[in-house]
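K.L.:
Using the sequences provided together with the hints, build the complete structure.
Quick mapping for you: the protein sequence lines, in order, are chains R and L.
The letter at position 166 of the first sequence is residue 166 when you use the numbering used here, and the numbering goes up by one with no holes.
Numbers in the numbering used here are just positions in the second sequence, counted from 1, shifted up by 253.
No lab work stands behind these hints, which were simulated from the structure alone.
One thing to keep in mind: the hints can contain errors.
[Said to hold, decoys possible] Now the in silico label distances, taken between C-beta atoms and shown as ranges: (1) R/Thr198 <-> L/Trp441: 26 to 36 Å; (2) R/Ala183 <-> L/Ile294: 58 to 68 Å; (3) R/Ala120 <-> L/Arg440: 52 to 62 Å.
[Said to hold, decoys possible] To spell it out: a stretch of chain R is covered by chain L in this simulated footprint if at least three of its residues, at any positions, have a beta carbon under 8 Å from a beta carbon of chain L; those stretches are: (4) 104-118; (5) 219-232.
[Said to hold, decoys possible] Okay, the calculated bits of chain L under chain R, using three or more residues with CB under 8 Å as the criterion: (6) 367-373; (7) 423-434; (8) 445-452.
Beta carbons are placed, not taken as given, at the ideal position from N, Cα and C, and that holds for glycine.
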Amino acid sequence: MNEAPAVRIRGLSLWYGAFRALEHVTMDVHRGEIMGLIGPSGCGKSTLLRCLNRLNDQPYVRIEGDLTIAGYDVMSPTTDTLALRRDVGMVFQRPNPLPISIRDNVLFGLRLHAPKTSKAEQEARMEGALREVMLWDDLKDRLHHDGESLSLEARQKLCIARLLPLKPTVLLFDEPCSALDPAGTAAVEELMRTLRGTYTQVVVTHNMQQARRISDRCAFMLMGELVELDDTAQLFTHPSDERTARYIEGRFG
Amino acid sequence: MSDGDTRLPIEPLEVRHRREGLVHLALTAAIALAAVPALAIVLFIAYKGAPAISLGFFTEMPMAGMTQGGILPAIVGTLWLVGVSLLFSVPIGILAGVYLSEYAGRSLLARGVDMAIVNLAGVPSIVHALFGLGAFVLFLDFGTSILSGGLTLGVMTLPVIITSTKAAMQSVPHTFRVACWNLGATRWQTIWHVVLPNALPGILTGVILQVSRSAGETAPVLFTGAAFYLPILPTSVWNQTMALSMHVYALVTQVPKVPEATKYATALVLLGVVLCFNSFAIVLRTYLRRNRRW
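P.N.:
What follows is the structure, given as structure tokens:
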């Protein structure tokens with residue numbers, strides 16, 4: 001990894017009012033890797049993820065520190081969130097397709113940012129995106145159907161697909177499988193594995209087995225602090241911090 | 254069932270079933286009490302007015318001191334008045350509702366404006382009429398005209414259109430907005446592509462109610478646009494015009510020797526015109542709602 005990291009976080013602290021949700025977090029995410037964020041509820045992992053594309057822009061939230069992602073200085077007030085979110089896509093816990101056709105869902109972002117894109121280019125990008133998430137063969141004959149008519153698993157893949165026509169560099173996942181059954185979970189995990197390398201992925205999960213299965217490196221957070229960050233295999237077999245060891249052994253959290 | 258558990262004071266099942274039956278009966282009675290008078294009114298008017306209904310009633314000018322002939326100018330006048338009021342109140346009302354829902358936030362000022370609009374919806378129509386007389390007829394010097402009358406009706410209907418637009422916008426699930434923002438949509442793009450299309454059926458409901466009100470209210474047009482007797486068709490918004498609501502009022506209270514049936518027939522036509530407006534809007538709303546599922 002001789003390139004600059006895709007995500008560079010330095011001394012990031014965040015307060016919700018008087019409550020300190022992140023304490024001086026420092027980490028890098030390398031290009032193309034899958035970074036897992038684990039920890040008990042309320043440890044700040046989702047808060048950290050939401051900082052990465054400025055979803056925490058609220059009057060009662062105060063943030064300090066440095067945060068660079070996909071070349072954007074996220075903390076700078078002059079950074080345009082419209083461009084940031086074009087390059088840094090977010091996938092949520094509950095699949096949230098828009099109540100429009102599958103085709104329009106996939107092309108929604110593209111049309112927002114590049115409304116004059118030719119029909120041919122749009123179709124090509126839509127097909128490419130659906131192929132990348134392995135939905136094309138299933139859906140190519142019913143692209144006009146409503147996005148909400150799909151199974152939960154397909155909906156979640158659709159939500160991933162609609163990020164892709166704009167060629168983002170970083171994908172953020174906030175517990176992407178917790179609304180899915182085991183088969184759906186396996187399918188989305190498989191998809192994330194195939195996207196590895198092409199996109200930098202940061203995954204928040206409360207499912208330790210999932211973090212172990214899909215992440216290259218993994219960070220354990222506790223009460224707003226980054227306790228330990230290591231190669232996933234190392235973190236789960238030889239954690240260096242006692243608190244990590246206790247959490248992954250299931251003794252709390 | 255744990256009827257065998259003697260530690261709990263279990264209520265006998267027949268008591269609960271009987272109570273359920275009573276509540277069901279009370280609710281059914283309530284809807285009957287609401288529906289029967291409404292139906293009775295419509296049937297009574299139809300029964301009394303039917304003898305006077307003929308093709309000529311729709312196509313002829315009133316004659317012989319309004320005791321004979323048709324009511325064409327009143328029908329046309331009502332269409333003009335409602336049309337002008339909608340042209341004014343629908344765009345402004347929807348845009349204002351969008352602003353209050355999506356841009357205004359929860360500041361003290363925004364809440365104040367909100368409350369003022371809700372209260373304005375409850376102002377009696379005669380007060381709107383006086384406002385229209387002062388503002389449009391006299392101050393802006395539009396005279397007694399379709400324009401003044403339509404604008405007065407528009408002002409009267411504006412609060413409900415704003416309020417229902419705002420409510421419809423806010424009932425669109427928040428997850429849609431989040432999905433849009435995360436694809437880099439601006440606030441307006443989010444509104445235009447997702448929130449507004451999904452709010453349209455609800456917005457139309459508000460508009461439908463106000464169309465009926467515009468067509469039916471007499472007071473707002475009394476001083477501002479409606480003529481007592483004017484057997485010509487209006488050709489521009491600067492003309493005065495007859496109006497159905499006003500015509501019913503005139504026939505019933507002001508003109509001697511009008512046949513009973515003519516009065517009821519005029520009221521029946523007013524009902525019919527409102528029904529036409531409403532059915533158009535209801536068909537449109539049903540069409541827009543087809544693929545909504547919440």
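K.L.:
Against this structure, judge whether each hint is valid.
P.N.:
Hint by hint, here is what the structure shows:
The beta-carbon spacing between R/Thr198 and L/Trp441, approximately 32 Å, falls within the hinted interval of 26 to 36 Å. As the Cβ distance of R/Ala183 to L/Ile294 is approximately 60 Å, the hint placing it in 58 to 68 Å holds. At about 31 Å, the CB distance of R/Ala120 to L/Arg440 disagrees with the hint of 52 to 62 Å. For the stretch 104-118 of chain R, the assignment as covered by chain L holds, since 4 residues bring a beta-carbon within under 8 Å of that chain's beta-carbons and 3 suffice.
Here the stretch 219-232 of chain R counts 0 residues with a CB under 8 Å from a CB of chain L, which misses the bar of 3, and the coverage is violated. Here's how the stretch 367-373 of chain L fares: 0 of its residues keep a CB closer than 8 Å to some CB of chain R, so the rule of at least three is not met and the hint is violated. Residues of the stretch 423-434 of chain L lying with their CB closer than 8 Å to a CB of chain R number 6, which satisfies the three-residue condition for coverage. For the stretch 445-452 of chain L, the assignment as covered by chain R holds, since 3 residues bring a beta-carbon within under 8 Å of that chain's beta-carbons and 3 suffice.
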